[in-house]
Every structure is written in structure tokens, then in C-alpha cells.
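Trainee: Going line by line, the protein sequences match chains Z and R. Numbered by my numbering, the letters in the first sequence go through residues 1 to 416 in order. Numbered by my numbering, the letters in the second sequence go through residues 1 to 108 in order.
Don't read these hints as lab results, they were simulated from the structure. Please note that the accuracy of each hint is not assured.
Stated by the list, open to error - To spell it out: a stretch of chain R is covered by chain Z in this simulated footprint if at least three of its residues, at any positions, have a beta carbon under 8 Å from a beta carbon of chain Z; those stretches are:
no.: 1; region: 36-45
no.: 2; region: 70-79
What the hints assert, rightly or not - Partner residues aside, some chain R positions facing chain Z, computed with beta carbon under 10 Å:
no.: 3; residue: R8
no.: 4; residue: L11
no.: 5; residue: Y27
Predicted model only: the values in this text are computed from it and were never measured. A virtual CB, placed ideally from N, CA and C, is assigned to each residue, including glycine.
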Amino acid sequence: MMTAALLGHVSAYAAQVRTHLADLPSDQVEDLTDGLEADLAEALADPDARPVTGEVPAVPVAGATGAAGATILDLAARFGPPADYAAELRSAAGLPPVADPGAPDLGTTRWEDLQAWWAGRRAALVSHPSWPGLSGFAESIRPAWWVARGWVLFGIVFTVGSVEGAVVAPRSLPEWVVLLVLVWASVELGRGRWDSRGRGRPFVFAANVLAAVFLIPGVVSMASPPEVRYVETGASEAALIDGVYVDGSRVTNLFVYDADGEYVEHAQILDNQGRAVRVDEPGGRWISGEATLLSWVPLLDVDGREVRNAYPVPTLRSDDYSTTDEIDPAQLREAAVVAPPPVRSVAPLDLDDLPGVGSEQVPAPGETGPVTGEGVGPTDGPAGEPAIPGSDQAAPDAAVPGPEVTTAPAGAPPAG
Amino acid sequence: MDTTQLLRGVLDAAVLAVLDDADGYGYDVVRRLRAAGLEDVGDASVYGTLRRLYSAGVLSSYVVPSDEGPHRKYYGINPQGRAMLTTQRTEWEEFSGAMTALLMKGAA
Numbered sequence: 001m002m003t004a005a006l007l008g009h010v011s012a013y014a015a016q017v018r019t020h021l022a023d024l025p026s027d028q029v030e031d032l033t034d035g036l037e038a039d040l041a042e043a044l045a046d047p048d049a050r051p052v053t054g055e056v057p058a059v060p061v062a063g064a065t066g067a068a069g070a071t072i073l074d075l076a077a078r079f080g081p082p083a084d085y086a087a088e089l090r091s092a093a094g095l096p097p098v099a100d101p102g103a104p105d106l107g108t109t110r111w112e113d114l115q116a117w118w119a120g121r122r123a124a125l126v127s128h129p130s131w132p133g134l135s136g137f138a139e140s141i142r143p144a145w146w147v148a149r150g151w152v153l154f155g156i157v158f159t160v161g162s163v164e165g166a167v168v169a170p171r172s173l174p175e176w177v178v179l180l181v182l183v184w185a186s187v188e189l190g191r192g193r194w195d196s197r198g199r200g201r202p203f204v205f206a207a208n209v210l211a212a213v214f215l216i217p218g219v220v221s222m223a224s225p226p227e228v229r230y231v232e233t234g235a236s237e238a239a240l241i242d243g244v245y246v247d248g249s250r251v252t253n254l255f256v257y258d259a260d261g262e263y264v265e266h267a268q269i270l271d272n273q274g275r276a277v278r279v280d281e282p283g284g285r286w287i288s289g290e291a292t293l294l295s296w297v298p299l300l301d302v303d304g305r306e307v308r309n310a311y312p313v314p315t316l317r318s319d320d321y322s323t324t325d326e327i328d329p330a331q332l333r334e335a336a337v338v339a340p341p342p343v344r345s346v347a348p349l350d351l352d353d354l355p356g357v358g359s360e361q362v363p364a365p366g367e368t369g370p371v372t373g374e375g376v377g378p379t380d381g382p383a384g385e386p387a388i389p390g391s392d393q394a395a396p397d398a399a400v401p402g403p404e405v406t407t408a409p410a411g412a413p414p415a416g
Numbered sequence: 001m002d003t004t005q006l007l008r009g010v011l012d013a014a015v016l017a018v019l020d021d022a023d024g025y026g027y028d029v030v031r032r033l034r035a036a037g038l039e040d041v042g043d044a045s046v047y048g049t050l051r052r053l054y055s056a057g058v059l060s061s062y063v064v065p066s067d068e069g070p071h072r073k074y075y076g077i078n079p080q081g082r083a084m085l086t087t088q089r090t091e092w093e094e095f096s097g098a099m100t101a102l103l104m105k106g107a108a
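Pulled out of the complex, with its shape left as it was, chain Z reads as follows (with noise of 0.2 Å):
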């Protein structure tokens, strides 16, 4: 018979037995510890029971044959400790036992995952037929590995602060010292010479992880020079945008003076091989000393094409930072002003010394547009030769050999 006590210490056993198992799913729990209570009761109310668990020593059990007595309220006694009872239970259901009773079970870590994967693959290698030979070989060439670390690392410190690319080699004799010192450390370390296996480890793996990331990308910087590709960012951008410099700087604007040596206001600029020479800049110019943004508006043929070669080139200087792009055509038009020429006038040229002969089409009806070809050229030539250096520029070959001056235009009505 069982008493409404005993079924309370029966009950409170049960649940911290359920309480251990807890790391599994519920309905687990319920299929194992289902009837459980019955069982427990049944136990402690059997004659010729005795302590079974297995893991805790036989204790006498001399009150077991009454109702009640404080040995069979001890379940823990009569069972073993709850945890113990829950263990075996779950090991003879053929469930994995729990790690840290209580706790929630997580499994293994991805770095313990990351580790055995580790470990496999390293035995894999290890076992190689191969790995003998392969291990002594790269024993061998361990040195070349120190020298090259510390070259690597003195690359990255380089690199790092400086604005021309990547450093591979020493510039000056500070850069020496420091390459010879980070090489001189490298070795040393690799000789084993101090001991790496303290607190410093951490810093030597990292040194050696990055050393062989960026030893690839510094062989391959060292097989291509800088000066390479400095060039050629340099011819890319120059291809892109024309312009005509003077005595290094750029030319915002040309004038064009005639063999009398009188301003021409509207003239067109044809290099020797007939192409438009421009100053306009895609987008203006911005003149940080001045705060204005200076943009070009050209002039227009019959057709309403622009003409970017016609000089002077009206320009309209703003101080917005936007572009002339957001801004209404019309309105820029009428805002753009012609600049004067610096000088009225410029010495007039002495027409019967010339270096060539054949300059018969001197006069320069240039204002109908690119279609006559041949009358821009010569106008452009031995005019601005003398005078203004940025036309010197504009057109070396076309001002200082008059024959070439006349082949020229020849060339060019099909670029018109």
C-alpha cells in the first residue's frame, strides 16, 4: 500500500531524474521516464529489493519492509543520486551520455570541428609516401623563406605609408637599415635563436601568415617596375583630353595674329595632319587660385555645329562648382564673353625673307568654316609663329618649315 508520502518523495526523485535529461527532446524524456513512478514505488515497496544502480555501494536497507522509516524516504540511498540513476537510464536507451550534467548540450564548436578537420588532413600528409622527400626539401630551403620574410614584411611597412605604389626595394639608406634589420630578425627567429613559443607566438604566426600572402604580390611587383605603369596611367589619360601647353602649363585660350601682324579675332587651328587643335576642357576647368570654374563655349558654324578650333574660344568663368553641363546652352551662350588679346598688334613679318617658297594662298578666309581647309593652315602658321608661343606650340610643324605648311592643308579637306 502506498502512502500519499512516499508518493511525494517518489515524485520529487522522478522529476530530478527527468531534471537530468533534460538535454534531450521532451518526448524522449516522456518515453523514458514514462511509468517511472510506478517502478519507483514498486521498488521501494519490494521485500527483496536492494540498492541495484551499479555505481553506488550496497547500504542496508533495514526499514525497506515497513510502510515508512527515514531509510526508504532517502531515495537517493535506496537509488543512487538522481543524476547517476538518469545516466544509466540513458545509456542502457542507447543515448549519448551528457557532457556536463545540467547544461545544455551544444555539440561541438566549429572551431573543434575546424581543428579535427585540421588534424585529419595534416595525418593525410604526414602519411604520404611523398612526404619524406617533400619535408626534407622544404627543410632545406628554409633560410631563402627567412631572408624572403623579412624582405615581405619590410615591403608591407613600405608600402603601407607611401603614395607611389608598392615598395619592393630600398630608396634611401634609413629604408636599407630597417630591410636589413626586419631580414637579420627573420633569420634569427628562424634559427630558433629566441624562443617563439611564449606569448610571442601569436605574433610570429601572424608575421609568418602575412609574409606569405603578400610574397606573390611582392615578386610581381618587383618583375614589373613602377615607372612602367606609371607610364602607362600617364599616356591613357593624354589620349583622353587634347590640349596645348606652354612652357608647362596649360593654354585656356588662343590668339591668332596675321602676317601684318594684326589680331585676327575669328581663327581656326588645324594641326599638320589636319586635326582640330583645342583647348577646351570637358566639364571647364576649375582654377582653385582663382575660385572659378572656367568653361568654354565655342563658336558655331553655318550649320549650327560647334567649332571647338575657333579662336579666340568665348569662355564664361563661374564661381559654382557645378558644371556647364546642368546649366541651359542658351543661357551659357549669351553669358560667355570673348577675352581680349593681351596685345593689340605684334611685329609684322618680313614676307619677302621667307624659308620656303609656294605661300601663295597667304590670305585666309577662314570664317566660312572647316570645309576650306586650305586657307586655315596657312594663316595659322607663319602668322602665330613669331608672335605668340602658345600657336608655336599648337602647331610646331606647320610654323617652321613653309613647305610643310602647304602640304598640309592638302591633307586636310578630308578631316573637314
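Given chain Z's structure and the hints, the job is docking chain R onto it.
Mentor: For chain R alone, coordinates are given in the frame of chain Z:
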């Protein structure tokens, strides 16, 4: 010799054999095993084994309410369980025969 270790390997067969006689609930199976001479069998080991065999599909189960206290969960052997028991009987005969022959050779 640690009989708990020995029991671990043969508890499945023992439980199946007990249930082959008659259906039983947890502690009933424990008591019958002890009565058969397996004194060291653990309560929880038997309960766990019952659940495992039930999960493996070789036992059937049903609950009998009790007027006096908690309900009892009975287990019975099914055809798959009987097949398993037959296999284990054969294996045990071979194994125990070999062990007996080995151990008793010098003693005889």
C-alpha cells in the same frame, strides 16, 4: 568478474526472454530477472533497455491505469522481437559454448 559489464552485453536477450514468457511493466521485469538469478541487474538499466527495444520496434507497449497510484506501462514482445530472440539464443549458445569450453579446459 564484473557481472554488470557482462550483463550489459546480454541484457537485451534477457529482457526479451522474460517478456517472451509474459508481458510485464518496468519493475516487474526487474524482479523477474532477479528471480532468474541476475541479481546485479540495475533498475534503470532495465527501464532504459525496455525503451530502446521498444524504439527498435521489437516490443509493443500499453498503459494500464492504477487505482492505487501512478499508471503502469506494460511491454510485450512482438513477432520482430521473437525473431530477434531466436537469433540471440543461437548466438548465445555458440558464444557460451565456446567460452565454457575455453574456461573449463584447464579446470577439468
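Trainee: So, for every hint listed, does it hold in this structure?
Mentor: Okay, the hints, checked on the actual structure:
| no. | hint | result |
| --- | --- | --- |
| 1 | 36-45 | holds (count 6) |
| 2 | 70-79 | holds (count 4) |
| 3 | R8 | holds (8 Å) |
| 4 | L11 | holds (7 Å) |
| 5 | Y27 | holds (4 Å) |
In the structure shown, no violation is registered for any of the earlier numbered hints.
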